[in-house]
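**Student:** From first to last, the protein sequence lines are chains A and B. Oh and the first sequence: position 717 is 717 in the numbering used here, straight run, nothing missing. Oh and the second sequence: position 41 is 41 in the numbering used here, straight run, nothing missing.
Quick caveat, the hints were computed from the structure, so don't treat them as lab data. It is possible that part of the hints are untrue.
[What the hints assert, rightly or not] Facing chain B, from chain A, some residues (calculated, C-beta under 8 Å):
| no. | residue |
| --- | --- |
| 1 | 410 |
| 2 | 411 |
| 3 | 518 |
| 4 | 543 |
| 5 | 551 |
| 6 | 555 |
| 7 | 559 |
Here the structure is a predicted model, which is why all the values come from computation and not from measurement. Note that CB positions come from ideal geometry on N, CA and C, so glycine has one too.
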Amino acid sequence: MAKKKLVLVGNGMAGVRTIEEILKLTKDQFEITIFGSEPHPNYNRILLSKVLQGDTEVADITLNDWSWYEDNDIQLYTDETVVKVDSDRKVVVTDAGRVEPYDEVIVATGSVPFILPIPGADKDGVTAFRDIKDTEIMLKASKKYKKAAVIGGGLLGLEAARGLLNLGMEVSVIHLAPYLMERQLDPMAGKMLQTELEKQGMTFLLEKQTQEIYGEERVEGLRFSDGTEIEADLVVMAVGIKPNISLAVESGIEVNRGIVVNDYMQTNIPSVYAVGECAEHNGIPYGLVAPLYEQGKVLAKTICGAKTDPYKGSVLYTQLKVSGVEVFSAGDFMEGDDKKAVKVFDEQDSYYKKLVLRGNQIVGAVLFGDSSDGNRLVSMIQKQADISDTMKVSLLQPTGQEAGASLVATMTDDEIICGCNGVSKGAIVSAIQTQGCSSVDEIKACTSASRSCGGCKPLVAEVLQLTLGSSFDTKQQKEAICGCTTLSRDEVVEEIRAKGLTHVKEVMFVLDWKTEEGCSKCRPALNYYLGMVNPTGYEDEKESRFVNERMHANIQKDGTYSVVPRMYGGVTNANDLRRIADVVDKYEIPLVKVTGGQRIDLFGVKKDDLPKVWEDLDMPSGFAYGKSLRTVKTCVGEQFCRFGTQDSMGLGIQLEKKYEGLQTPHKVKMAVSACPRSCAESGFKDIGYIGIDGGWELYIGGNGGTHVRGGDLLYKVKTEEEVIEITSAYLQYYRETANYLERTSAWVERVGLEHVREVLDDKEKRKELSARMDKALSVIEDPWKAIIENKKLKKELFETVVTS
Amino acid sequence: MVNKNISKVLISSLQELPERLGKTFHVGNMEVAVFKLSNGTVRAIENRCPHKGGVLSEGIVSGDSVFCPMHDWKICLEDGLVQAPDTGCVKTYSTVVEGEDVFLLIE
């Protein structure tokens, strides 16, 4: 059978992607010819901003190199533009005068940048940001000129601005709307993005309409409609794109904003198809890459005569990473009318998450600061997931793996995991099964999934886990403590004990660490294990401590610290409060806040001031920074409360005095309540105590944080002596068996409540554990005092040197 | 071309630099993190992580790398490059040790 002639007009991402899909279905049905106006093979336009930013070269963003065309017997004409599709004669005509017959023709002419029709738009130094040529103009300009103005504060404009900033230019972004990326973000996220980018050095002129670009031959500045102006010697117009429909218009193909196509990407003319940014489906021309790939799949099947589901439009989503700022939006993300929002805003860590719901359905989302939930949310929106059974806030903060894992499991093979490169779940599964991929990196090399923005890495990992199932799990079962070794925590601790190892360096040397000095994961872990095994002999290594535990204060995002003085059981007095107030005045401490653990936190203390602040406070360290006993929260109890059946403050203070400064695998929080109303929230602590008539209930493994877990009732006891002995034995057993950075909640689930109870039921073991605890406690000293008294340490750790 | 003026600033004595810890120096309006590695060499970089501006002088030092205390980005002290999977780089400064004196070379 003679091959049919297939012509693709437009050598870009959507068109070539369609050809790739066709080649997957059939290798010999078509004789393929591709025309492209640019002199390059198909490249990843999305990554142009990286070329501009200097991270990448043009060659690295090429998707299909010259040999791909040859290998697939594709005739490629670059630098040649098709000027007409003559559907009567069934030929296309190019600007080089070539006449190429076709049986089927795909129009994938993409879009053209929208150039503002203002005076001066044609001056030298004014460019769009669309292709390699534009990028080269900008790179060249940055070498000679200093001031750049980017018109348009949308996705493209901001990427251009960031690139120009990297190239050493001063960059002003001019935007018509009152906040950035208004087509993808809500005002809140737009403003947060602006603040972040201003910190990086961008200047913003919002609600400004550019009226004129002035200058002689080359641009010299911009004038706005309000009469103001700025100087600029490079102007990048990034105000938007519009479908490139000139060929279609010329050829009599039906257009609206884009080339009008049906659910099978067919135009009104038989055998003429359109795909990608030039096409308009159901009134929408799409300008992002994921929909184009979905369209490409449908079109490939249509052209090959295979059965296909119709294209039904795409959920729009955007994931942007400008210099570390993660931004994500999807679907219908503005609340109002019948749409209501659920929002989480963390000013401290600068993140913001919003879900938009219509009744029980998620219809849109905006994420700022952390977009790792993006893929999951897109999928929920696509599926129009019903969330009536789920706690709304937990959608924004899924606990554990369940949420994500079950989602990947319910995805069909067709569903896209990697939106940037259009890789489906099925393609990844097949790479695992037929090509033996067993890591995210191997899958990336094999399928391109997660190659571009990397946002889908967690999903790829889940597909791996699902596909490999138990074999993947068994591999994981023995978990090395970090990449520097193959040994697990238990093996390392066993070796430390057996060989009597005494230093971090010695452990790494004797146990054949792959790195000479370890990493930020193993060093603090080894430091802890060594101290746990040999509490009285081991000298803590401050170089292997995280900043907070080395500095004995909590570092904040601006490099200042917060200070929490000890306040046993959350009970204070006038003297302490007065001293705190004096310190706040003296050191001009900007924020004083009461913590969740009933303490007073002083924020914004300068590093150099820390030892002086501690000295003036004259209170012990509250260990708010430590993998240690943090706080014992108490309710007021029988001393004042009419319901109190026990002295909760008394027990709380006693516990806190006994265990303060204890080093543990992760932080430990306690609470003592005097009755089952549990006003101190004893059920959500590593160990919580609830007073009952004639005794105490002990709850363990509770957690109110990332992994919410109600505590398990361990024992009911009668006396405070029993409370203390059990607490000692329980905490010591946790210290000896938990992984470093494993909270009691995770530890109890891993080893089992029954197991913990069995150990503690054994009176002999309980005594031994309790005795080892007392030994560990015997060497603890107040770190603040130790530093105040040690000049060398003070200088080494807290001094900032100013030279002129 | 612009002529570069390089000035040599005495910042510390060698023994006053703690080993495998960073120290913060303000030189003019720059903030520089200076590290004495376990092999005795001195390295200096801009004291701001390219990710979210974390103070690198407080990071854990391993070999010739420092881990940012904010989000654990690993940065090479030799060339300032952020290590995979993260990307970016920080400015590095040359240092000269003459006897006990440690100098910073500033352009």
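**Student:** Give a verdict on every hint.
**Tutor:** Hints and how they fare:
1. The restraint placing residue 410 of chain A at the interface with chain B is violated, with a minimum CB-CB distance near 28 Å, outside the 8 Å limit.
2. Using the Cβ-Cβ criterion of 8 Å, the hint placing residue 411 of chain A at the interface with chain B is not satisfied: the shortest such distance is roughly 24 Å.
3. The criterion of a C-beta within 8 Å of any C-beta in chain B is met by residue 518 of chain A, whose closest approach is roughly 6 Å, and the hint holds.
4. Hint status for residue 543 of chain A: holds, given a least beta-carbon distance of 4 Å to chain B, under 8 Å.
5. Look at residue 551 of chain A: its Cβ gets to within about 7 Å of chain B, closer than 8 Å, so that hint holds up.
6. Of the supplied interface hints, the one on residue 555 of chain A holds, with its beta-carbon coming within about 6 Å of a beta-carbon of chain B, less than 8 Å.
7. Taking 8 Å as the C-beta contact cut-off toward chain B, the hint placing residue 559 of chain A at the interface holds, the least distance being around 4 Å.
Hints 1 and 2 from the list above are not met by this structure, while the remaining hints are.
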